[in-house]
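Visitor: These protein sequence lines are chains A and B, in that order.
Going by our numbering, the letters in the first sequence line up with residues 1 to 112, in that order.
Going by our numbering, the letters in the second sequence line up with residues 1 to 115, in that order.
Calculated from the structure, these hints are not laboratory results.
Incorrect hints may have been included.
[Claimed, not checked] Under the rule of at most 30 Å between Cα atoms (straight-line distance), these lysine-lysine pairs were calculated in the DSBU-like manner: (1) A/K56 to A/K104; (2) B/K44 to A/K104; (3) B/K62 to B/K51; (4) B/K62 to A/K26; (5) B/K44 to A/K69.
In this text the structure is predicted, and so the values were computed from the model without any measurement.
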Amino acid sequence: SQQGEEDPQALSIQEGENATMNCSYKTSINNLQWYRQNSGRGLVHLILIRSNEREKHSGRLRVTLDTSKKSSSLLITASRAADTASYFCATDASGANSKLTFGKGITLSVRP
Amino acid sequence: NAGVMQNPRHLVRRRGQEARLRCSPMKGHSHVYWYRQLPEEGLKFMVYLQKENIIDESGMPKERFSAEFPKEGPSILRIQQVVRGDSAAYFCASTGLAGGSYEQYFGPGTRLTVT
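Whole structure, please, built from the sequences with the hints as guidance.
Guide: Structure below.
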């Protein structure tokens with residue numbers, strides 16, 4: 001069964017706007033990670049948030065985690081055309097040998 | 001400081017042939033994970049290995065797929081008698097330590113096409 005489920009599935013915004021992407025999961029986790037994938041390329045690690053953390057920042061990225069709701073959000077502020085990519089959340093479930101479970105991803109398009 | 005390396009980047013095989021995908025983890029990393037990504041899908045876990053040991057192969061198909069991570073050399077994902085449904089991107093990731101809360105660093109992937 002799918003652990004991470006992102007929404008929306010696709011998001012189109014204007015350059016300079018903020019983009020908010022959400023992820024929900026089903027089981028207890030050790031941590032949650034967000035990755036970016038440009039078309040036809042590998043995954044780039046963006047940010048990791050541990051289960052005992054509620055919010056984390058990295059540059060233009062802000063991630064929140066609500067373990068009571070089993071959900072996370074990724075906010076990209078002041079988006080740029082170069083942010084156009086697919087974004088995935090991945091969870092490391094407790095006791096699961098650190099294997100990651102990915103959602104299907106969100107396709108973000110930033111219009112110049 | 002080389003990252004995770006995978007080769008080949010693209011591999012074309014005819015049905016029935018064997019595919020060998022290689023992954024060299026980041027320097028100092030001894031934990032390797034293999035994932036498969038079908039078109040328009042997220043990544044699906046296949047297998048987790050440490051040097052000379054398979055720790056978790058719960059995501060591996062029961063037949064035709066095998067993986068190893070020898071004491072020396074890269075990790076190998078081997079697919080025997082490939083079928084069209086094996087066409088996908090295969091990614092490996094490595095970490096330096098086991099357990100939760102460690103980032104997994106991904107390689108660029110091998111895109112397998114079965115004709």
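Visitor: Are the hints correct? Go through all of them and say.
Guide: Here is what the structure says about each hint:
1. A/K56 to A/K104: holds (23 Å)
2. B/K44 to A/K104: Holds: B/K44 and A/K104 sit about 10 Å apart, inside 30 Å.
3. B/K62 to B/K51: The given pair, whose Cα atoms are some 22 Å apart, holds under the 30 Å limit.
4. B/K62 to A/K26: The hint holds at about 26 Å.
5. B/K44 to A/K69: holds (24 Å)
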